[in-house]
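So the protein sequences, as listed, match chains A and B.
Quick note on numbering that gives the first Met the number 0: the first sequence kicks off at 0 and runs consecutively.
Quick note on numbering that gives the first Met the number 0: the second sequence kicks off at 0 and runs consecutively.
Derived from the structure by calculation, the hints contain no laboratory data.
Just so you know, not all the hints are guaranteed correct.
To be verified - Calculated lysine-lysine pairs in the BS3-like style (CA-CA distance at most 25 Å, straight line):
hint, chain 1, residue 1, chain 2, residue 2
1, B, 252, B, 307
2, A, 295, A, 337
3, A, 48, A, 431
4, A, 215, A, 94
5, B, 363, B, 417
6, B, 555, A, 379
7, A, 112, B, 54
8, A, 337, A, 255
9, A, 211, B, 555
10, B, 307, B, 294
11, A, 431, A, 71
12, A, 431, A, 407
13, B, 167, B, 294
14, A, 48, A, 337
15, A, 98, A, 361
16, A, 385, A, 407
17, A, 385, A, 68
18, A, 196, B, 566
19, A, 71, A, 421
20, A, 204, B, 93
21, A, 48, A, 379
22, B, 566, A, 204
23, A, 424, A, 98
24, A, 421, A, 112
25, A, 112, A, 337
26, A, 385, A, 48
27, B, 252, A, 192
28, A, 46, A, 428
29, A, 215, B, 307
30, A, 226, B, 566
31, B, 46, B, 307
32, B, 363, B, 93
33, A, 207, B, 93
34, B, 93, A, 192
35, B, 294, A, 215
36, A, 207, B, 566
37, A, 337, A, 71
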Amino acid sequence: MSMPISVTRRDFLRASAAAGGVIATSSFFAGNIRGEDKTTVRARNSKIKHVILLFMEGGPSQLETFDLKPGKETGAPYKEIETEVPGFRPAEHFKEIAKRAGDLCLIKSMSSKEGNHSRASYLLRTGYIPNPTLKHPSLGSIVAHQMGDPSFELPNFVKLRGAPFPAGYLGVENNPFVISRPGAKIENLDYAKGVDKERMDRRMKLVKEMEKDFAKERGDEAVEAHKAMYEKARALMDSPLRKKFYLEDEPDEIRKEYGAGAFADSCIIARRLVETGVPAVEITLGGWDTHDDGFKRCAELIGQLDRPWAALINDLKRRGLYDSTLVVWMGEFGRTPKLTNTEGRGHWPGNFCAVLGGGGIKTGQVIGETDELGYNRDAKGNSTLKDPVSPADLYKTLGTMMDWEMTKEFEAGNRPVWLVDKESKAIEKLYK
Amino acid sequence: MVARLLAFGFACCTCLALAFSGKAAIIAETSDPTKATSELIDTEIAKVWQRDGVKPANRALDEEFLRRVYLDTVGLPPTSTEARAFLDDERLDKRERLIDSLLADPRFGRHLADLWMPILRERGNDLGELGVSAGDVLAVWLARQFNADVGFDQVISELVTAEGAISKNPASAYYGLMGFPARSPNMAGLTSKHFAGIQIQCAECHDHPYEESWTQQSFKGMASFFTGIEVQANFEVQPVDPRVETVPIPPRKLIEAYAASPDLPSEAINRVEDLLTYDQPQLIGDSPVKTRDTKIWRKLFANWLTGKNNATARRYLVNRYWSFLFGIGLLNPVDDFNSLNEASHPELLAKLGDWFARGYSVKKLYRAILNSRTWQLGSRGGEGGERWHFNRAPVRQLTAEQFFGALFTLRDGDAMLKPFARKTVSQYERLRQFKTMQDMQGDKPKDDYGAKFDEELLKTYEAWIGEMGTDWQLRRGLAARYAALASDDERMQSDTFTLSIDQALSILNGEVTRRLSDSRNGSLIYAIMRDHAETAERVENLYLAILSRQPTLGEKRRALEFLAELKQPEQVGLEDLFYALVSSTEFATNH
Chain A
0 MSMPISVTRR DFLRASAAAG GVIATSSFFA GNIRGEDKTT VRARNSKIKH VILLFMEGGP
60 SQLETFDLKP GKETGAPYKE IETEVPGFRP AEHFKEIAKR AGDLCLIKSM SSKEGNHSRA
120 SYLLRTGYIP NPTLKHPSLG SIVAHQMGDP SFELPNFVKL RGAPFPAGYL GVENNPFVIS
180 RPGAKIENLD YAKGVDKERM DRRMKLVKEM EKDFAKERGD EAVEAHKAMY EKARALMDSP
240 LRKKFYLEDE PDEIRKEYGA GAFADSCIIA RRLVETGVPA VEITLGGWDT HDDGFKRCAE
300 LIGQLDRPWA ALINDLKRRG LYDSTLVVWM GEFGRTPKLT NTEGRGHWPG NFCAVLGGGG
360 IKTGQVIGET DELGYNRDAK GNSTLKDPVS PADLYKTLGT MMDWEMTKEF EAGNRPVWLV
420 DKESKAIEKL YK
Chain B
0 MVARLLAFGF ACCTCLALAF SGKAAIIAET SDPTKATSEL IDTEIAKVWQ RDGVKPANRA
60 LDEEFLRRVY LDTVGLPPTS TEARAFLDDE RLDKRERLID SLLADPRFGR HLADLWMPIL
120 RERGNDLGEL GVSAGDVLAV WLARQFNADV GFDQVISELV TAEGAISKNP ASAYYGLMGF
180 PARSPNMAGL TSKHFAGIQI QCAECHDHPY EESWTQQSFK GMASFFTGIE VQANFEVQPV
240 DPRVETVPIP PRKLIEAYAA SPDLPSEAIN RVEDLLTYDQ PQLIGDSPVK TRDTKIWRKL
300 FANWLTGKNN ATARRYLVNR YWSFLFGIGL LNPVDDFNSL NEASHPELLA KLGDWFARGY
360 SVKKLYRAIL NSRTWQLGSR GGEGGERWHF NRAPVRQLTA EQFFGALFTL RDGDAMLKPF
420 ARKTVSQYER LRQFKTMQDM QGDKPKDDYG AKFDEELLKT YEAWIGEMGT DWQLRRGLAA
480 RYAALASDDE RMQSDTFTLS IDQALSILNG EVTRRLSDSR NGSLIYAIMR DHAETAERVE
540 NLYLAILSRQ PTLGEKRRAL EFLAELKQPE QVGLEDLFYA LVSSTEFATN H
């Protein structure tokens, strides 16, 4: 019963203001908090059809992963691996990823000002600093909205481990579907004890009857919205595609290639989902907040990460999916060059690393550079970081490569918002 | 860990006052002080019907009124006993009587707290245990204020000027819940949104696109009011008990000297920038505040919020409560007052605001609205009209708290609560159990939590939680988990029905629905079958308990046919009926 959405509220207000500020009350419409037109052009002009985000929670150390300073006072006691790509010299524990250097692009100059976990995670997941009066969608939600098919049986954004992150102004239909224990039985996806398909059908038939009267007398808006989500949920419950959430029918040799562990399982599931048509998957690997004992802990974490990540790339390539699937590795910030006396490091948003691959981007290159000790500014406070990339710049790059509707004005409340910060600039070297 | 919050300043009052300078006629006080206001509502609403050629629905039937008034005052639908008592009552003034008794019910305060908490704490902010603990005590505190009908101006003032540990003064949790690190610009943005209904936050980064006085410069003035606040959370002591303190601002020279130190961590850099940026409180359109006493700054801000000259704030407050009762405000979005956002009924909004500001009694405001003809319209019928014509009662999605509260009334006795109560055990209970175990073992404290125990603190918290009671705690716990699946706090301001796929799955297949729709001892079905021998009576009672009404003849016939054709024990069919009824839109909405 709200006003047709062809004219947004703000356009309307602007027009009214221009016409002398007279607002016809009959055109007033009530609080549609997402007065945004949900129909969107989904056939984006891009080779990229899927995005897999590998999010390293806690702030992975650049000095123990991809920006080592061996032999320096700030460096880790790790060796570097020389690769085919100059400047791409990962820590010695990245045995498999080192072989894939030609399929990757390393950014050593990610830079922000947010050194708090929750604020920085928000920034890296959305491209915006947190705003208490507005919620931005995360990368997966944007991709789901821009590239997903709303009638697809599976959710357009699946998050493996980690907390839910709402899609904000893009609406709940673009929320992540969270699988907290990948590979294990998904909560509430199966019929409850004592209920089978036949009984559920019987129950839903009863509901349908009941809804008819209510809709007839009170309008069918609420009923339709209510019904639509239940139907979507039931379609998912009964869908043959739901086996893609699990690993039972995955061949042993593939499972061996990825290795063991929750992160490895998540990577296989991500590939299965992408292969089925899911546009966005996020995988979380936590534990990177290495204030103490960083050398040992980072080595362990890389041990969990290296093989599955490399296997994911190989597997996608074998299936001809790597060119249409962008795989992004990043965390919320880096860590202080200065070591603590417990072999740990503090939070350091001034420079950190991100690694991109697939999706047809220009791989085999390194962007940005820190100084010889791993700092981003000199003693006088002047920046020494080469080619700095802000999180917003990264999102602008992703948006450009995927042809998101970056000039479209969305609405949150009646405030204008854009998928990507307009002030940011894309890293052209990645795609030109 | 010390996090510093910022406060803000406000200067928008002047321009807003201009934008809303409609003459506010004085509403006469009669012997029944809310009657004239109910009439005012009806007159002003009817004027617009007439102007636009809209026809209202008929007065709601008793059973429609009944469910709606319960949901809107105590947050729960009536039990079968409560429903019968009202439906069988033949007194002419039974609606007024029911409204009065519901407003006096202690569940009223809890419901109002349930409505305000997602607004104040911005559900979805990931504050972990801190969010749970601070949120719990703040909710209990709010419920107390609403039940005692403390003037809402005073409630605002206590929240905005809150100081001390949240265990001692739960109002302090208001700042504790803004997240860490708390920054004064955020405090400015949130406080003004929560209590004045204006969205100045965007002026932190750019001048407002059409509100000329909301410049970045004026935002700095607003944010400065909160620069003297510090929120400390000592994560070493469990349960976490943050303190809100007012601290003097160091002289500018000192801050600048500190900023020059080379090893400054990133968080300190940001804090220093805030301190240098937000150090001159000034209300929009007013002159700068002279005193450097940061204690006074927040008081000035609270005075401005609830002051006589702030017509916008009181209109917003009335608008907020109106939206609780109608799903949308007289101006929408509810908390976005600006000079271009026009109310659907500006006169009414202005007059209601002025009337409300004489005492800020939320119960009086509720009484006036609930007794109005407008609020008591049916949700069917009428001719034409948009939602903002208020010519029929809107169909509103239940809040998560209402929904779970409603589900849990469908039980017999408290045995059903047990399996769920365990899952919503609070931090304090876990600590208590842990501590008891430790005491029994006689060991010195293990470093399990890396935490120290503060017995006194634990007792203070337990007293607050004790006041909350099992039902409310359970409902809050389940609602919070459910809402986290969508994190859509703004649903209440929305006129659309939102449900995420995880939420739909949790209702279709989740434990709450499964256990409640069962027919074993302790369930509603068990009790109905025990108390009624006839199948027809059982069906009637099921409808009455779940939908607060009798089934229509057609519904009864269909239900009986369904049960007869099923060829299974009757409780199986009743379970199916129960499940279907709670899955219906009628159950999931207030209408």
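Comparing the hints with the structure gives:
{"no.": "1", "hint": "B:252 to B:307", "result": "violated (38 Å)"}
{"no.": "2", "hint": "A:295 to A:337", "result": "holds (17 Å)"}
{"no.": "3", "hint": "A:48 to A:431", "result": "holds (19 Å)"}
{"no.": "4", "hint": "A:215 to A:94", "result": "violated (65 Å)"}
{"no.": "5", "hint": "B:363 to B:417", "result": "violated (38 Å)"}
{"no.": "6", "hint": "B:555 to A:379", "result": "violated (83 Å)"}
{"no.": "7", "hint": "A:112 to B:54", "result": "violated (57 Å)"}
{"no.": "8", "hint": "A:337 to A:255", "result": "violated (39 Å)"}
{"no.": "9", "hint": "A:211 to B:555", "result": "holds (15 Å)"}
{"no.": "10", "hint": "B:307 to B:294", "result": "holds (22 Å)"}
{"no.": "11", "hint": "A:431 to A:71", "result": "violated (36 Å)"}
{"no.": "12", "hint": "A:431 to A:407", "result": "holds (24 Å)"}
{"no.": "13", "hint": "B:167 to B:294", "result": "holds (19 Å)"}
{"no.": "14", "hint": "A:48 to A:337", "result": "violated (41 Å)"}
{"no.": "15", "hint": "A:98 to A:361", "result": "holds (17 Å)"}
{"no.": "16", "hint": "A:385 to A:407", "result": "violated (32 Å)"}
{"no.": "17", "hint": "A:385 to A:68", "result": "holds (16 Å)"}
{"no.": "18", "hint": "A:196 to B:566", "result": "holds (18 Å)"}
{"no.": "19", "hint": "A:71 to A:421", "result": "violated (39 Å)"}
{"no.": "20", "hint": "A:204 to B:93", "result": "violated (38 Å)"}
{"no.": "21", "hint": "A:48 to A:379", "result": "violated (45 Å)"}
{"no.": "22", "hint": "B:566 to A:204", "result": "holds (17 Å)"}
{"no.": "23", "hint": "A:424 to A:98", "result": "violated (31 Å)"}
{"no.": "24", "hint": "A:421 to A:112", "result": "holds (19 Å)"}
{"no.": "25", "hint": "A:112 to A:337", "result": "holds (18 Å)"}
{"no.": "26", "hint": "A:385 to A:48", "result": "violated (31 Å)"}
{"no.": "27", "hint": "B:252 to A:192", "result": "violated (69 Å)"}
{"no.": "28", "hint": "A:46 to A:428", "result": "holds (17 Å)"}
{"no.": "29", "hint": "A:215 to B:307", "result": "violated (48 Å)"}
{"no.": "30", "hint": "A:226 to B:566", "result": "violated (28 Å)"}
{"no.": "31", "hint": "B:46 to B:307", "result": "violated (28 Å)"}
{"no.": "32", "hint": "B:363 to B:93", "result": "holds (18 Å)"}
{"no.": "33", "hint": "A:207 to B:93", "result": "violated (35 Å)"}
{"no.": "34", "hint": "B:93 to A:192", "result": "violated (44 Å)"}
{"no.": "35", "hint": "B:294 to A:215", "result": "violated (59 Å)"}
{"no.": "36", "hint": "A:207 to B:566", "result": "holds (21 Å)"}
{"no.": "37", "hint": "A:337 to A:71", "result": "holds (11 Å)"}
The structure is inconsistent with the numbered hints 1, 4, 5, 6, 7, 8, 11, 14, 16, 19, 20, 21, 23, 26, 27, 29, 30, 31, 33, 34, 35, although it conforms to all the rest.
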